[in-house]
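Chemist: Read off the chains here:
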Amino acid sequence: MVTLTDEFMLEMQRRMLRIRAFDERASKMVKRGHIPGTVHTSIGQEAQVVGATMALGDNDYMSGNHRSHGHPIGKGSPLGPLMAELQGKGTGVCKGKGGSLHLADFNVGSLGESGIVGSSIPIAMGAALSSQVLGRDTVALAFFGDGAANQGVLYESMNMSGTWKLPVIFLCENNQYALSTPAHTVTSGVIADRAAGFGIPGVRVEDGQDVLAVYAAVSEAVARARRGEGPTLIEVVTYRYNEHSEGLRLGTDYRPSDEREAWLKKDPIVLFREHLIANGHTAEAMDALEAEVLAEVDAAVEFSENSPWPDASVGFDDLYTDSEYAA
Amino acid sequence: MSVMSFLGAIGAAQKEAMDADDRVIIIGEDVEANVYGTTGGGKTRQETGDFVQMYGRNRIRNTPISEEGIVGAAAGAAMTGLRPIVDLSYSSFLYMAMDQLVNQVAKNRYMFGGQASMPAVFRSAMFYGLNTGAHHSDRPYPMFMNVPGLKIMVPSTPSDAKGLLRTAIDMDDPVLTFEACILWGLKEEVNDDEFWLPFGVARTHREGTDVTIVAISSSVQEALAAAAELEAEGVSVEVIDPRTLVPLDKQAILNSVAKTGRLVVVEPAHRTCGAAGEISAIVAEEVFDSLKAPIVRLTAPDMQIPFSPALEKQMYPSKDGIVDAVRRVTGQARLVAVGE
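Those protein sequence lines, which keep their order, are chains Z and X.
For the first sequence, the positions run 19 to 345 when this note's numbering is used.
For the second sequence, the positions run -5 to 334 when this note's numbering is used.
Okay, chain Z solo, but in the shape it has when bound:
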């Protein structure tokens, strides 16, 4: 068991709270029409996200998917430019060109979320290849869901990075549903077990609501990658509390209500709050932390609301590095 400082564990809770508060606010803003399009929240999956991102170092890389806000928040990206990106403002982290689905913050090693399921997995492998070729000690982590676990590119990536012993971690966020489709109905066998076919370690974190359990598993994989021993596949079992995307109303109830109720009782933020209190922190201190984070999110929304829309001309920038688009 890893020993963590109080300060580090409080930071874990802070980042989980940030994800929760940010996503709850974003959900409301979508429903009120204050965020164009939709968003996919990580509410319920905060331990899985933060346990992974905090096991990475500042210079390490990661790629992600459509359930996209938690990853950069977990890696330490400031909230204001993220919220501004969700609203399509010029101060957004991607200048309003990416939106919720395509957040990226290269300052914290976030190489981009992907709206195409599975598509960003080899991007993390490529970042690990850079590290190996250039003799750096950075590692890269690919976040993807149980849906992406059935995309072929994952297996191409596990094979190539296993062959080359690349410093990459494949982290499957198994929230048990690909939109409406239960993972067990479309997935043969256990996802983590698939690693064996590539001669790499496969780890299943059964309690993905326990941030320390996720952190321990990912830390071990990161250490292994840094030692030059190659990739690890980690499957974290978790649950999303909200609908696939905000505003989506499906005609059928594809998730049994008692299932959701059971997972709500394993709220990762509540569980870790209890853990911290049991280890000497006061309830008042925990409340204060929660209030601080809510104020951070308020400030991020205020920053975004006060930001200008991007100038229309900006729509033609950034296609290439050396020339502007010319019609």
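Hints are supplied without guarantee of correctness; some may be wrong.
In silico negatives: residues of chain X with every beta carbon more than 12 Å from chain Z [what the hints assert, rightly or not]: (1) Pro142; (2) Gly179; (3) Glu188; (4) Ser284.
Okay, the calculated bits of chain X under chain Z, using three or more residues with CB under 8 Å as the criterion [claimed, not checked]: (5) 63 to 69; (6) 98 to 109.
Treat the hints as calculated values from the structure; they're not laboratory data.
Note that beta-carbon positions come from the ideal geometry of N, C-alpha and C, so glycine has one too.
Given the structure of chain Z, go ahead and fit chain X onto it with the hints provided.
Modeler: Relative to the frame of chain Z, chain X by itself:
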């Protein structure tokens, strides 16, 4: 200067770039064994071996047959400090990596507001005209012209192949290069020193006053042969090779058509939504008043490529077809018919 083949010139550009910058790597199937002749020591192979002996396996990455993974890895590597040259061998294999090429390679810079740069080159060979059948004969560059964010080069001579490839490798944007295998053996004197040819600058192979031929890839050689034949008949033909299709040197084409008033566009790709169609539309929009005759496109038909030599050859524009087209736009075809 020394005599280089088209393929040798590509190898020379890769070697130059490998020597100049440690961040350049070559990644692809069979690159270690130098199967296609572009990852070898060339004339000095006896002394230096192939690239794998010269640069080691850290920079010469032999891959499994996993095009999507290869292209995705190159994209991620390019976003984090490397400058990969990806050898995808046959152009038809690009389809295996379509998601990575279109959704990651082409979009990441724009989508992330300029945070990413994507200095990667994706090389592939178009094996058309060599009886390899429908799965190996594709000329798919027009599909990729429809993907903003990619740059596209289609060199037709050894010198252009060397100079453009070097520019592509040193460029911070993703480049797809389509190399016609039928040109692999084409030889000419090529500058041994490092040189860089600019993208977006067409090459006028010969000047003329009566007809402009814009020719792409191996069609350039056919067009030059046609122009030589027509010269004997007193028809003055200008032959322009755009060399890069994205960016496209529109001005060179427009200036030429403004001068000659006649345009024949020749390429080996399919007719519908091809480069020839795009160039024709640009000319019609911009210098319609200069045109003395309708524009003529010579392309492959919208057909699959058959295997049999007896069936394949007719699929691509030839010298004779170009000569006929020029006679049509100059009105000579009708005169000949009337004369008979």
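Chemist: All the hints need checking, so say for each whether the structure fits it.
Modeler: Taking the hints in turn, this is what the structure says about them:
Not every Cβ of chain Z is farther than 12 Å from the Cβ of X/Pro142; the closest lies at roughly 6 Å, contradicting the non-interface assignment. The claim that X/Gly179 is not at the interface with chain Z holds, since no C-beta of that chain comes within 12 Å of its own (minimum 34 Å). With 12 Å as the threshold on Cβ separation, the claim that X/Glu188 sits away from chain Z holds: the shortest Cβ distance comes to roughly 19 Å. A cut-off of 12 Å between C-beta atoms confirms that X/Ser284 is not in contact with chain Z; the least separation is 21 Å.
Given a C-beta distance limit of less than 8 Å, the hint that chain Z covers the segment 63 to 69 of chain X holds, as 7 residues qualify and 3 suffice. With a threshold of 8 Å between beta carbons, the proposed coverage of the segment 98 to 109 of chain X by chain Z holds, since 9 of its residues qualify and at least three are required.
In this structure, only the earlier hint numbered 1 is contradicted, and the remaining ones agree with it.
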